[in-house]
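> Listed here are the chains, written in short residue letters.
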Amino acid sequence: MRHALMQFAPAFPEIFVLIMISLILVVDAAVDDGKRFLAYFLSLVTLAGASFLTLRDFSTLPVLTLGGLFIDDPLSDVLKLFLYLSVAIVLVYSRDYLRQRGLYKGEFFVLALFALLGMMVMVSASHFLTLYLGLELLSLSLYAMVALQRDSSVATEAAMKYFVLGALASGMLLYGMSMVYGVTGSLGLGDIAIALQDGTDLRIPLVFGIVFIVAGLAFKLGAVPFHMWIPDVYHGAPTAMTLFIGSAPKIAAFAFVIRILGQGLESQVSDWRGMLVILAVLSMALGNIAAIAQSNLKRMLAYSAISHMGFMLLGILAGSQNGYGSAMFYVLVYALMSLGGFGMILLLSRAGFEADRLEDFKGLNRRSPWLAFMMLLLMFSMAGVPPTVGFYAKLSVLQAVVEIGYVWLAVAAVLFSLIGAFYYLRIVKLMYFDAPHDAAPIKASPDARVVMSVNGLAILALGIMPQPLMAVCIHAIRASF
Amino acid sequence: MTYTTAIFYFFASILVFAGLRVITARNPVHAALYLVLAFFTAAGLWMLLEAEFLAITLVLVYVGAVMVLFLFVVMMLDINLEKLREGFWDYLPLAGFVAVLLVIEMALILGSRHFGLEVMGAPAPHAADYSNTKELGRVLYTEYVYAFELAAVILLVAIVAAIALTLRRRKDSKYIDPAEQVKVKRNDRLRIVKMQATQKPGAGEDGA
Numbered sequence: 151m152r153h154a155l156m157q158f159a160p161a162f163p164e165i166f167v168l169i170m171i172s173l174i175l176v177v178d179a180a181v182d183d184g185k186r187f188l189a190y191f192l193s194l195v196t197l198a199g200a201s202f203l204t205l206r207d208f209s210t211l212p213v214l215t216l217g218g219l220f221i222d223d224p225l226s227d228v229l230k231l232f233l234y235l236s237v238a239i240v241l242v243y244s245r246d247y248l249r250q251r252g253l254y255k256g257e258f259f260v261l262a263l264f265a266l267l268g269m270m271v272m273v274s275a276s277h278f279l280t281l282y283l284g285l286e287l288l289s290l291s292l293y294a295m296v297a298l299q300r301d302s303s304v305a306t307e308a309a310m311k312y313f314v315l316g317a318l319a320s321g322m323l324l325y326g327m328s329m330v331y332g333v334t335g336s337l338g339l340g341d342i343a344i345a346l347q348d349g350t351d352l353r354i355p356l357v358f359g360i361v362f363i364v365a366g367l368a369f370k371l372g373a374v375p376f377h378m379w380i381p382d383v384y385h386g387a388p389t390a391m392t393l394f395i396g397s398a399p400k401i402a403a404f405a406f407v408i409r410i411l412g413q414g415l416e417s418q419v420s421d422w423r424g425m426l427v428i429l430a431v432l433s434m435a436l437g438n439i440a441a442i443a444q445s446n447l448k449r450m451l452a453y454s455a456i457s458h459m460g461f462m463l464l465g466i467l468a469g470s471q472n473g474y475g476s477a478m479f480y481v482l483v484y485a486l487m488s489l490g491g492f493g494m495i496l497l498l499s500r501a502g503f504e505a506d507r508l509e510d511f512k513g514l515n516r517r518s519p520w521l522a523f524m525m526l527l528l529m530f531s532m533a534g535v536p537p538t539v540g541f542y543a544k545l546s547v548l549q550a551v552v553e554i555g556y557v558w559l560a561v562a563a564v565l566f567s568l569i570g571a572f573y574y575l576r577i578v579k580l581m582y583f584d585a586p587h588d589a590a591p592i593k594a595s596p597d598a599r600v601v602m603s604v605n606g607l608a609i610l611a612l613g614i615m616p617q618p619l620m621a622v623c624i625h626a627i628r629a630s631f
Numbered sequence: 070m071t072y073t074t075a076i077f078y079f080f081a082s083i084l085v086f087a088g089l090r091v092i093t094a095r096n097p098v099h100a101a102l103y104l105v106l107a108f109f110t111a112a113g114l115w116m117l118l119e120a121e122f123l124a125i126t127l128v129l130v131y132v133g134a135v136m137v138l139f140l141f142v143v144m145m146l147d148i149n150l151e152k153l154r155e156g157f158w159d160y161l162p163l164a165g166f167v168a169v170l171l172v173i174e175m176a177l178i179l180g181s182r183h184f185g186l187e188v189m190g191a192p193a194p195h196a197a198d199y200s201n202t203k204e205l206g207r208v209l210y211t212e213y214v215y216a217f218e219l220a221a222v223i224l225l226v227a228i229v230a231a232i233a234l235t236l237r238r239r240k241d242s243k244y245i246d247p248a249e250q251v252k253v254k255r256n257d258r259l260r261i262v263k264m265q266a267t268q269k270p271g272a273g274e275d276g277a
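Those protein sequence lines, which keep their order, are chains A and B. Residues 151 to 631 in the numbering used here are what the first sequence spells out, letter by letter. Residues 70 to 277 in the numbering used here are what the second sequence spells out, letter by letter.
Incorrect hints may appear among the rest.
[To be verified] Restricting the straight-line Cα-Cα distance to at most 30 angstroms, the calculated cross-link-like pairs of lysine-lysine (DSS-like) are:
#1 B/LYS254 x B/LYS243
#2 B/LYS152 x A/LYS311
#3 A/LYS255 x B/LYS252
#4 A/LYS185 x B/LYS243
#5 A/LYS593 x A/LYS185
#6 A/LYS255 x A/LYS185
Quick caveat, the hints were computed from the structure, so don't treat them as lab data.
Make the full structure from the sequences, and use the hints.
Written as structure tokens, this is what we have:
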């Protein structure tokens with residue numbers, strides 16, 4: 151049996167990132183503690199190089215290669231570019247924080263890039279095998295990153311919880327995949343879609359498998375009732391790691407869901423739509439209500455993440471191209487907001503001070519009006535107040551839901567986001583109307599301040615002109631489905 | 070009941086029993102040994118599925134290497150089992166109820182009605198000279214080479230993570246480095262405090 155020579159060109163970004171990881175591992179092992187910036191610098195070079203490679207070979211049509219395990223389509227290219235961007239922002243924000251806590255080591259950068267590689271694999275997977283391997287590559291790197299601060303018992307506990315529940319979720323996912331394999335006889339998403347096109351005699355086992363797959367996906371997304379790990383991990387992990395977990399992996403998780411449910415199991419939309427409705431409603435309800443009771447900002451943003459994932463699921467459960475496009479827009483915007491929110495905690499923190507309680511934000515306006523304004527934009531956007539982009543993102547997923555006739559769901563979503571507005575606006579109140587809790591000057595590095603300004607202003611700019619990004623999302627979905 | 074069916078049920082019942090004992094055994098060494106038994110019987114089941122290479126690999130790698138290492142670790146660590154098992158009996162009624170319900174539901178769906186021989190049909194047995202190993206190697210390095218490489222990357226992550234999490238200087242370590250000791254300078258140990266060389270008024274008379 152002969153095999154066609156494999157096309158490696160579509161996978162150049164992945165190959166490049168892997169080569170650079172190996173290089174950073176070797177370089178970092180050879181230099182002493184004073185030269186850790188080399189790993190930082192090389193990581194940024196890696197991201198820039200990968201962006202260049204992805205942009206150079208930007209695909210217009212889906213290309214299936216590497217034995218049908220790898221797909222390169224506009225969807226994966228767009229998502230990869232956003233992955234590079236958010237990892238780069240994470241690195242800039244967290245540099246000072248890591249240095250102050252003795253975590254500024256090559257391992258952090260290597261693990262972050264490994265996680266990036268896992269996300270890239272997930273984003274351009276067209277096979278259950280690669281989806282799963284990418285997910286494990288991402289998860290294992292994240293577990294290690296959370297545990298990296300060895301002297302903190304909270305971080306170790308968070309890593310342990312994350313690991314155990316993550317392993318459980320992977321088990322569920324694998325079990326569901328094995329059921330789908332039993333019904334369709336294939337692991338490739340394209341083959342599964344073809345096999346299920348005309349229905350199947352084994353409908354009950356298939357639905358059984360879908361239940362397990364959806365449960366596994368909900369675990370990874372952090373949707374209620376599979377959300378228990380999110381607040382503890384977000385709270386316990388060092389803020390730099392929380393920033394990482396809260397941003398790029400959400401984009402990869404979106405791709406993961408869209409690949410399995412949207413591409414592989416598209417014909418079974420009537421089966422999984424109901425499950426996603428339950429997940430979405432519960433997530434929005436519990437996320438928004440539980441966030442009110444939090445006094446720790448990281449924990450509050452964790453519950454906010456749960457509710458945002460509920461909103462994102464609204465777009466996916468619409469099952470239409472418009473719905474997928476708006477869900478993609480939502481997740482990209484959410485990643486940007488999450489980067490800003492956790493990034494602000496990093497900017498305000500200093501050696502021995504975490505700045506992660508709500509009262510640490512009291513009177514921020516008097517300490518730094520500009521940063522307070524940025525935080526105001528971020529909070530408005532998370533709450534969905536116009537003219538910030540969060541409003542438009544919510545509006546577009548609601549439109550997709552109304553299009554399929556689920557008006558009650560849209561109404562419920564609006565009500566829950568109204569409840570959510572309370573705790574976002576409370577931060578604004580603390581920043582502008584309360585007296586400062588501590589008057590120490592903010593010692594954020596200039597580059598982090600510049601990136602934060604761009605981050606906050608992007609929220610505003612995208613809110614005024616959402617069309618270009620929305621057009622990119624819709625185009626990516628249209629061209630890939 | 071044919072001969073292979075009998076063997077299947079023999080292995081399967083031992084596997085389930087061993088699996089249960091892994092999580093209920095009081096002694097961690099016993100639990101590890103039951104895990105060895107579980108792997109061994111699972112290898113027997115794989116042999117029935119004509120996956121000879123995988124069955125032997127399971128025995129060689131897991132039973133031979135991984136579990137032996139595991140046993141070593143379990144014996145070296147002083148695990149306080151009573152503390153670990155705290156609350157086991159409190160949670161058992163609810164957990165047991167959920168587990169039994171899950172097993173019944175799964176049995177209803179996964180029974181022979183959907184995946185039985187009438188629905189699926191048994192795969193044709195391979196010829197005597199069919200090489201399991203060769204076929205596995207063929208797809209592993211052609212069709213699935215991407216997945217194979219990814220698995221290798223995951224192992225690399227495991228190495229990096231294990232080293233990053235364990236290689237560190239403990240704060241309470243009393244470890245002494247002779248090279249550092251030899252290099253020590255006078256200034257590291259001795260601090261000379263310069264003081265005014267004046268006599269206290271009246272101090273001279275006392276000594277006399």
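> Give a verdict on every hint.
Hint check:
Our distance criterion of 30 angstroms between C-alpha atoms is met by B/LYS254 and B/LYS243, whose separation comes to about 21 angstroms. A hinted pair counts as satisfied when its Cα atoms are at most 30 angstroms apart, and B/LYS152 with A/LYS311 qualifies at roughly 18 angstroms. As the CA atoms of A/LYS255 and B/LYS252 are separated by approximately 27 angstroms, the hinted pair is consistent with the 30 angstroms bound. About 28 angstroms separates the Cα atoms of A/LYS185 and B/LYS243, which keeps this hinted pair within 30 angstroms; it holds.
Straight-line distance between C-alpha atoms of A/LYS593 and A/LYS185 comes to about 22 angstroms, which keeps the hinted pair within the 30 angstroms bound. Between the alpha carbons of A/LYS255 and A/LYS185 the distance comes to roughly 10 angstroms, so the proposed pair stays at or under 30 angstroms and holds.
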